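Q: Residues per chain, in single letters:
Number of protein chains: 2
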Amino acid sequence: MKRIVASELSQHVGERVTMAGWLHNLRRMGRVNFLLLRDRTGLAQAVLGKEDLAPLEGLQMETVLELSGTVVEAPAAPLGLELHGVELKVLSPVADTLPFELNQPHLSASLPVFLDHATVGQRHPRQQATLRIAAGIAAGFRQALHAEGFTEIFTPKIVASATESGATVFKLDYFGQPAYLAQSPQFYKQIMVGVFEKVYEVGPVFRAEPHATTRHVNEYVSLDAEMGFIENHFTVMDCLTRVMRGILAYLAEHCVDELAMLEVELAQVGEAIPWIYFPDAQDLVYRREGIDARGEPDLAPEHERALGQWASEEFGSDFLFVTGYPMAKRPFYTHPNPTDPAYSNSFDLLFRGMELVTGGQRLHIYDDYCAAAEKAGLSLEPYQEYLECFKYGMPPHGGFAIGLERFVAQLLQAQNLRWATLFPRDLARLKP
Amino acid sequence: MKRIVASELSQHVGERVTMAGWLHNLRRMGRVNFLLLRDRTGLAQAVLGKEDLAPLEGLQMETVLELSGTVVEAPAAPLGLELHGVELKVLSPVADTLPFELNQPHLSASLPVFLDHATVGQRHPRQQATLRIAAGIAAGFRQALHAEGFTEIFTPKIVASATESGATVFKLDYFGQPAYLAQSPQFYKQIMVGVFEKVYEVGPVFRAEPHATTRHVNEYVSLDAEMGFIENHFTVMDCLTRVMRGILAYLAEHCVDELAMLEVELAQVGEAIPWIYFPDAQDLVYRREGIDARGEPDLAPEHERALGQWASEEFGSDFLFVTGYPMAKRPFYTHPNPTDPAYSNSFDLLFRGMELVTGGQRLHIYDDYCAAAEKAGLSLEPYQEYLECFKYGMPPHGGFAIGLERFVAQLLQAQNLRWATLFPRDLARLKP
Numbered sequence: 001m002k003r004i005v006a007s008e009l010s011q012h013v014g015e016r017v018t019m020a021g022w023l024h025n026l027r028r029m030g031r032v033n034f035l036l037l038r039d040r041t042g043l044a045q046a047v048l049g050k051e052d053l054a055p056l057e058g059l060q061m062e063t064v065l066e067l068s069g070t071v072v073e074a075p076a077a078p079l080g081l082e083l084h085g086v087e088l089k090v091l092s093p094v095a096d097t098l099p100f101e102l103n104q105p106h107l108s109a110s111l112p113v114f115l116d117h118a119t120v121g122q123r124h125p126r127q128q129a130t131l132r133i134a135a136g137i138a139a140g141f142r143q144a145l146h147a148e149g150f151t152e153i154f155t156p157k158i159v160a161s162a163t164e165s166g167a168t169v170f171k172l173d174y175f176g177q178p179a180y181l182a183q184s185p186q187f188y189k190q191i192m193v194g195v196f197e198k199v200y201e202v203g204p205v206f207r208a209e210p211h212a213t214t215r216h217v218n219e220y221v222s223l224d225a226e227m228g229f230i231e232n233h234f235t236v237m238d239c240l241t242r243v244m245r246g247i248l249a250y251l252a253e254h255c256v257d258e259l260a261m262l263e264v265e266l267a268q269v270g271e272a273i274p275w276i277y278f279p280d281a282q283d284l285v286y287r288r289e290g291i292d293a294r295g296e297p298d299l300a301p302e303h304e305r306a307l308g309q310w311a312s313e314e315f316g317s318d319f320l321f322v323t324g325y326p327m328a329k330r331p332f333y334t335h336p337n338p339t340d341p342a343y344s345n346s347f348d349l350l351f352r353g354m355e356l357v358t359g360g361q362r363l364h365i366y367d368d369y370c371a372a373a374e375k376a377g378l379s380l381e382p383y384q385e386y387l388e389c390f391k392y393g394m395p396p397h398g399g400f401a402i403g404l405e406r407f408v409a410q411l412l413q414a415q416n417l418r419w420a421t422l423f424p425r426d427l428a429r430l431k432p
Numbered sequence: 001m002k003r004i005v006a007s008e009l010s011q012h013v014g015e016r017v018t019m020a021g022w023l024h025n026l027r028r029m030g031r032v033n034f035l036l037l038r039d040r041t042g043l044a045q046a047v048l049g050k051e052d053l054a055p056l057e058g059l060q061m062e063t064v065l066e067l068s069g070t071v072v073e074a075p076a077a078p079l080g081l082e083l084h085g086v087e088l089k090v091l092s093p094v095a096d097t098l099p100f101e102l103n104q105p106h107l108s109a110s111l112p113v114f115l116d117h118a119t120v121g122q123r124h125p126r127q128q129a130t131l132r133i134a135a136g137i138a139a140g141f142r143q144a145l146h147a148e149g150f151t152e153i154f155t156p157k158i159v160a161s162a163t164e165s166g167a168t169v170f171k172l173d174y175f176g177q178p179a180y181l182a183q184s185p186q187f188y189k190q191i192m193v194g195v196f197e198k199v200y201e202v203g204p205v206f207r208a209e210p211h212a213t214t215r216h217v218n219e220y221v222s223l224d225a226e227m228g229f230i231e232n233h234f235t236v237m238d239c240l241t242r243v244m245r246g247i248l249a250y251l252a253e254h255c256v257d258e259l260a261m262l263e264v265e266l267a268q269v270g271e272a273i274p275w276i277y278f279p280d281a282q283d284l285v286y287r288r289e290g291i292d293a294r295g296e297p298d299l300a301p302e303h304e305r306a307l308g309q310w311a312s313e314e315f316g317s318d319f320l321f322v323t324g325y326p327m328a329k330r331p332f333y334t335h336p337n338p339t340d341p342a343y344s345n346s347f348d349l350l351f352r353g354m355e356l357v358t359g360g361q362r363l364h365i366y367d368d369y370c371a372a373a374e375k376a377g378l379s380l381e382p383y384q385e386y387l388e389c390f391k392y393g394m395p396p397h398g399g400f401a402i403g404l405e406r407f408v409a410q411l412l413q414a415q416n417l418r419w420a421t422l423f424p425r426d427l428a429r430l431k432p
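Sequence order for the protein chains is R and X. FYI, the numbering for the first sequence is 1 to 432, going by our numbering. FYI, the numbering for the second sequence is 1 to 432, going by our numbering.
Don't read these hints as lab results, they were simulated from the structure. Computed from a predicted structure; not experimentally measured. Be careful, since some hints might not be right.
If chains are identical, the list can't say which one is meant, so a pair holds when it fits in one copy or spans any two.
Under the rule of at most 20 Å between Cα atoms (straight-line distance), these lysine to any residue pairs were calculated in the SDA-like manner [stated by the list, open to error]: (1) K171 with E374; (2) K375 with A414; (3) K198 with E148; (4) K2 with E231; (5) K171 with L427; (6) K198 with L43; (7) K198 with R245; (8) K89 with L43; (9) K171 with K198; (10) K2 with E148; (11) K171 with S161; (12) K171 with D426; (13) K89 with S68; (14) K431 with E385; (15) K431 with F229; (16) K2 with G85; (17) K198 with R352.
Excised from the complex, chain R in its bound form (with noise of 0.2 Å):
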């Protein structure tokens, strides 16, 4: 018989039917009892006499099961509906304990030991969801930017050279030659803006920074894109709104169980999303609580809580764009503001208070990049060949880049991004 899944339940009242899981739960009652089968799509309750019984003798939870029986309505049962008149066939038996339950409403596994047992841990209905919120954050990225022309790119993660400082880079052996990973793909989707003006590309970028904090881990999805003929970082700006406005309407579209689940309130993008110079930002968190940070290059994350809780208090927003972050603190292709060269045509999106987004407008000028390089203090010499591209005319351009697992831990709140992230890699975590 077809095996169907408890989605799909309802449909077949009064039939016969085959379903196929895990032993998610077994209330053992003595006469009558309850098993709960977890498959992909949810829960399906079974009723078992205590005969049925039998060929779970000394098997575990997690046990994979096929089930037949009857669908019969059952108001107290999830899903209102429940299978009697069951035959229950053992697919696999698991014989040990698990490491943790995965059958209660919340993980009691501390964090390390769920990291430990991820493989396993990651099946429990919260972290299942958290991870298909991921899943559908980088669909709704996708779907909104080929909604505005985008094309998708898949770029080199092994390259020749660190695209923006020598010591965060993870180095490899690359047949004899010293290789890196890439920490982001910068210089290749600003070159593909050079082919299809508008790109993007869903992938693994790898960080060798060697901090231990609860908001990085050293590789993570990144949601990137790129796109020419802008007027200046207003135009990514706005593309970012709409995108951000996208993967909202997506989610709420298509993850509403997992959302519901987790008790996410879903954020809203409004007409425009506001944004504050700077300067004028930290002015602000200086007025509103007394820190004064005037004059430093870049926003610590007490300043950004500040200013979140501004944005909120203000405009009722959960977004806040900062721009012109000072030149000094931005990689050396960002553009300068024309008008206050001491400042950038930069942006970071502020998301609930902290960092979600960076972007900017780039330099599109070969001579720009060899003055820039020069002022810096960089040699080019090992970028020439990404920066040909710079001398066969490129537009005016820029971008942004979304940390996925960043997002996803934000929107949940989650006390840690390894809870949002699927197998982190870490100081001390290289494994599973």
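With chain R fixed as given, assemble chain X onto it according to the hints.
A: Below, chain X without anything else, positioned relative to chain R:
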């Protein structure tokens, strides 16, 4: 004035419009001159008087321009339209001569010269079409799998243990520990069958094999899928058949112009793809071609060509499954054929006589992994964290992997895979 692109010209006949793009060609006829502007949607022709060309003095092809003009019907022009009364503004001047011409129907550069300058060479309309077809295959793959209930996953590329064999992996320094680049998401996608039943990933894979052939590179994009609750590898082949059909339908719908430009005849997938059992395939090659490779553990490229020819003649099919490859040549996690255990529940999908997809059923019981590893003389010690999931209930499962660039190359009948790879990585090439 808001910029329009070439594909929108026909909506603006008689109006004044602004366009922007690259100087693709300029035919200087004296009094009347024809300029071709290239943007992301195609070519548009503008007619300019001699004096209108002044801003282009000393500039080369690929100069980035903004043009304003009135849209006029002109049957001889591309799109049947051209711009008159043109004002021209240079956005990014090009002073250097291009390494090769981009405005001829075919690229004249040799492959090595092309690859040295691929950052510019990929702008050629044929290369653009090639890369758009690659993007279309990836999009079609995702769409087909979504329709089948698969969930997208993003697995780590830095791993503690090589999946299959230590000799062909890139080694990495991970904060002082040895680590490797993932050859495939194999174990991870299997683990994730325990979470979502059906999963897919589109991502880079890394192979340190030091070969120099026209059909291998050392980094490529792998379209990976894995599914649970299968009967055997035939369940996987059925799914792959639908996915192939879905990809080709996606291309037929979304890449019409690209396929026409490259004169690609799209392959067709009928009701089912024919299949042949490995030993029978060897017999057939012997009977048809007189090549006696019976008893050999694998098929050579000439065998695959002969089988492709046979499938074409016998079934009118571009595709052929070869099933049951000898266990000796398949990785240790492959599920043996229960009735003929020297052979495996695996398959290759040949496309026009060349291997395009590899797949099969995997072991799903922990003890079977232990036995298989012992038989293969392998230690499971480095894999313990991955294999834990098999102790905790894994359904019968299998999957497949499609090499994206190879698929494009075979569809286009490219002489070398590198023509279908954005920025290839091989023994000799790590740039751009």
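Q: All hints, please: hold or fail.
A: Going down the list of hints, with the structure as the test:
In this assembly of identical chains, the alpha carbons of K171 and E374 never lie at most 20 Å apart, being 26 Å within a copy and 34 Å across copies at closest. With identical chains, the CA atoms of K375 and A414 are never at most 20 Å apart, being 41 Å at best within one copy and 45 Å at best between copies. In the homo-oligomer, the alpha carbons of K198 and E148 lie at most 20 Å apart inside one protomer (8 Å), although the nearest pairing across protomers, at 30 Å, exceeds that limit. Only between protomers do K2 and E231 lie at most 20 Å apart by alpha-carbon distance; the minimum there is 11 Å, versus 57 Å within a single protomer.
Taking the shortest alpha-carbon separations for K171 and L427, both the intra-copy value of 15 Å and the inter-copy value of 17 Å come in at or below 20 Å. For the homomeric pair K198 and L43, the shortest alpha-carbon distance between copies (17 Å) is at most 20 Å, but the shortest distance inside one copy (43 Å) is not. For the homomeric pair K198 and R245, the shortest alpha-carbon distance inside one copy (19 Å) is at most 20 Å, but the shortest distance between copies (29 Å) is not. In this assembly of identical chains, the alpha carbons of K89 and L43 lie at most 20 Å apart only when taken from the same copy (18 Å versus 63 Å across copies).
Neither within a single protomer nor between protomers do K171 and K198 lie at most 20 Å apart by alpha-carbon distance, with minima of 30 Å and 34 Å respectively. Only between protomers do K2 and E148 lie at most 20 Å apart by alpha-carbon distance; the minimum there is 15 Å, versus 42 Å within a single protomer. For the homomeric pair K171 and S161, the shortest alpha-carbon distances inside one copy (10 Å) and between copies (17 Å) are both at most 20 Å. For the identical chains of this complex, K171 and D426 are neighbours both inside a copy (16 Å) and across copies (17 Å), given an alpha-carbon limit of 20 Å.
Taking the closest pair of Cα atoms, K89 and S68 come within 20 Å of each other only inside a single copy of the chain (9 Å); across copies the shortest separation is 73 Å, beyond that limit. For a Cα distance limit of 20 Å, the shortest separation of K431 from E385 across copies, 7 Å, qualifies, whereas the shortest one inside one copy, 36 Å, does not. In this assembly of identical chains, K431 and F229 lie within 20 Å of each other by CA distance neither inside one copy nor across copies; the values are 44 Å within and 27 Å between. For the homomeric pair K2 and G85, the shortest alpha-carbon distance inside one copy (18 Å) is at most 20 Å, but the shortest distance between copies (68 Å) is not.
For the identical chains of this complex, K198 and R352 are neighbours neither inside a copy (28 Å) nor across copies (34 Å), given an alpha-carbon limit of 20 Å.
Violated hints, listed in ascending order, are 1, 2, 9, 15 and 17; each of the other numbered hints is respected by the structure.
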